[in-house]
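> What follows is each chain in one-letter form.
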Amino acid sequence: MNKTMELDVWKGDWGLPSVDLDCLETLAFIKFCGVSIKVNQKSNPFWSPSGTLPLFRHNKQKLTNIDEIAGHLQRKNFSPDFALNSKQTADVVAFKSRIKEQLYPALQFLWWVDEKSYANFTRPWYCKVLPFPLNFHYPNKYKAKATDLMEAMFTDLPQNDIIQVELFAAAERCLSTLSARLGEQEFFFGAHPTSLDAHVYAHLAPLMRVPFPANQLHNYARAQLNLHKFVTRITQRYFPHDYQEYEQKQKQLREESAKNAGDSRFKAKDKVFATVFAALAMIMYAVAKGFIQVSEIEDGFRKSKSYDYRDSEDDMD
Amino acid sequence: MGTVHAKEHSTMTYGEMDRNSAVTDKKTVNLQEIQARVDKVNVEGLNRTQEDIIKRTVKELFKVNNFEEVIKEVHRTQVKLESLGCFSNISALIDVSSGPKATSQGYEVTYFVKELKRVKGSVNTVIGRDNEGSRVVGTVAPNVFGRAEKLHCEFSYGSRQTSTFNVGFYKPFILNTLAELNTSVFQNESDWPNSGYKQIDRGTSIGLGFPFMQNIRHTVQWEGCWRELNMNTRYVSFDVREESGHTLKSAVKHILTVDTRNTPLMPTFGSLLQCTSEIAGLGGNIRFLKNEVLLQHNVEIFPETVIQGSVTGGVMRPLGSQKEIHICDKFFLGGPQSLRGFISRGVGPVADKNFIGGTLYWAGALHLYAPLPFKPGAGGIGDLFRTHLFVNAGNVGSFNIDFSDRRWLHEFRESTRLAYGAGLAIRLGQLARVEINYVIPVLFDKSDGINRGVQFGIGVHFL
Amino acid sequence: MNDIIWNDRTDETPWPNNAQLFQPLELEQILLPDNANCLYIQTFLRMCDLDFEIIYRSNAEFMSPSGKVPFLKCGPYICEADAIVNFVNNKGYSLSKDLDPSNKADLRAFTSLVNSVLVFAELYITWCEPSVYNEVTRPRYGSGYPWPLNTVLTYKKRKQVIKMLKPHGFYDMSINEVYKKVETCCQCLSTKLDNNNYFFGEQPTEFDALVFGHVYTILTTPLPTNKFSAIVRGFPNIVAHCERIEKTYYPSDKSRK
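Residue numbers (the working numbering), protein chains in the order written: chain A, 54 to 370; chain B, -14 to 448; chain C, 237 to 493.
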């Protein structure tokens, strides 16, 4: 009867068990419950009933929402929040909405709205992870969703840099609130992690570990020493495998790059190839656009166009 | 046109007449003495154009008595046909009439016309108010129902992120008279940085124009317009901010035009009088009465040297329950097309650096137009250029007009703005003109936006 | 670190005597969510013992730079809704400066809770619940405009509100799910308040003003459905808290409403 529980999540990277906020929260939550579960790093939300990950499967039940999963586990007598009194439970709800209101939009901005990081970082990452042709669909979908959120928050959508300033200011306020609330404790409510810790971890870990191209928040987050320690503590204690694997890979990479540093012949060949390719492409473009005309095809370009010219239109004030 | 050299019983198209006359024999004939009448008028190439409008256009042709009149009337009718806006190409042929009903002095006139296509598209770049450039995409459906009606649709996107669209319908000859009907649905965005706000107008208008004796024209127009005012920045004056939001104007406007000028653009003689009255408040939440007058007179003192004087002025007051005039209805002055030497809307009442306009204004200008020195390119491109010296003055303000207490008048007179300068005026086609001037403001207020030095303006209406 | 300043600078000039609070017309125009916000700010300013004048304008929403009401005009400065609290704090008037960092963090967290549940629930009821929208919202919102502008603007505003509710998941909820959210939120507030006079200590803070603004408005606004106010009434300590503030800061009830 008690089949094993399974959880499909987005793939991890940078020493995180998953890069997605909801997956990360669910993973942490389940770890805090102490439930043994089979985790599949799927990275394909196509087969999930709601089209999102995480997807939790247990006894033919499919759940995709952290609240539903928490409810399900609670019915099975698994919950990290049993020890909380009613006041603390109220605090959990309040802080979760604080994070949702102030930190979540900034993260969405970093992942999807900021053009630089979307084009150079987020989109390539998802394109690599997702199978073809889904890799064209999902990044656009997530970007649209994040943009909707921005539009909902700012009435007449201003320039991205104005949004960024506002969102990051709010996020910084939220971070300092969290830092103040955490104080010198190990977890938010003492020595044991709760659902709030899972929630905070899911929002803080990407901020601290994912190397976004433009991440002014990164430094601010790391400067909150107790929060930084909090994230490292959870990663090391609950996801030791992902953490160590990444650290080792990084170490290897560093060694390799040190080795390759002297090998400049390889680079020179690359450069020559790139230059030739670019020049060729430009010439082809010029020919195609008619900047350079080959005489035989000249007649083919004669086209009669009729335009109605008007010089000006005006009224006096 | 008194006498021309002509071959007897010649058959020629009107346009070729001069060329043919040069090579034929030199016998002089007085055309006025040749008795002539038009028996028949053919119009070839009609397809969807209805006969009745053609009939009324060509009916003057049957009233001629001699051959000179025939030729003159054939030309005049050709211009009339062109002005219907239904044909792309018109040529005329005069022949002696033949057939059973032919009379001895009878002639037959044949017009060869080519109808315009049903739909015409265009893409233009237009420079409009305040030198804002915009891209216009438009389509026109000429002669929709065969009686010279016109349906047109335009969309433009400006360099200052303003977009406009306009769908309009024009119908001449209502009930077989010379009255014209003009209707349109429009959306128009405009940015007024000197006043601190952006305005979006959406609305519909319907207008009826009809001539009344020679040179006089009445236009009656109703416009229903939803205006939305948005502030440009947080720091816009509170006086302007208070006006933000939505208003609905429903107004009837009457324009009386008396125009005896030879051409609207750079005329050499004649005068123009235009009186505009607008009353708003038939529905909507804007109520005011607005009156404006424009008078222009042109005198040619030497050949091609013209003195032009213009005076314009206006006054408005709120009606009924409304106590204040809304900022987007007020009068503004300044800019290359109105009061030169000042920036656009750069004159008059100010609130924290935002110009808020007034309810009373006047402006006047005196120009001396002359051709370019030594007339380079005369008869060609040089004719498009004029140099001019000018002096212009004006004032705008909000005053409580009280005829028993004349202090407001004194104040209004004391604060007159004046600027003079010289420059070049260039005619662009029959539509617009460009001015490049060097202007020196003489009388101005501390708070005014002054444009000393070179000022560039492009538009249709200039003061 | 915890003394967060997010206006450009701390402004030490004294409170001017011509501060004006702009809000929509109270009798015929204002809607539940705006009314709650206006009451919140009014109460907050009263708690700070600051002088201000309330000015009613039918276009208050459009005069406000961000479209939020109420907004405060204080000398040359204009600030709206939540920014008013920061602005006042920067002037040196703060109701929460004596709280310890952990309590301050709690205050902010609970503020977020109210903003992300009660505010959205009020918007939902006002604009997405058909009976309320047709019987209350439509006539009231359009009251300041002639036909056909009233219809167009109400439609436009509804679209805007829906666009705002969607990313927060509220638009896709049923009315009962929204009620459930409100109940959870009130449960949290009730637990937090417990048997104290005010949420954080013996003195009121801006959070008390915020809760009062929302609770009072929810309790007193007549709507075709009274389920919303019934939920709030289910928490006696919150209702008592509301009455307490009303008695203290609006001693003669006629001065308001």
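Just so you know, the hints here were simulated from the structure itself, not pulled from any lab data. Among the clues, some could well be false.
[Said to hold, decoys possible] With a straight-line cut-off of 30 Å between C-alpha atoms, the simulated DSS-like cross-links for lysine-lysine are:
#1 A:Lys181 to A:Lys169
#2 A:Lys181 to A:Lys194
#3 C:Lys309 to A:Lys194
#4 A:Lys153 to C:Lys304
#5 C:Lys417 to A:Lys194
#6 C:Lys333 to A:Lys198
> Now look at each hint and say whether the structure bears it out.
The hints, checked one at a time:
1. A:Lys181 to A:Lys169: 18 Å, holds
2. A:Lys181 to A:Lys194: The given pair, whose Cα atoms are some 16 Å apart, holds under the 30 Å limit.
3. C:Lys309 to A:Lys194: 41 Å, violated
4. A:Lys153 to C:Lys304: 21 Å, holds
5. C:Lys417 to A:Lys194: 28 Å, holds
6. C:Lys333 to A:Lys198: 38 Å, violated
Violated hints for the displayed structure, listed by number in ascending order: 3 and 6.
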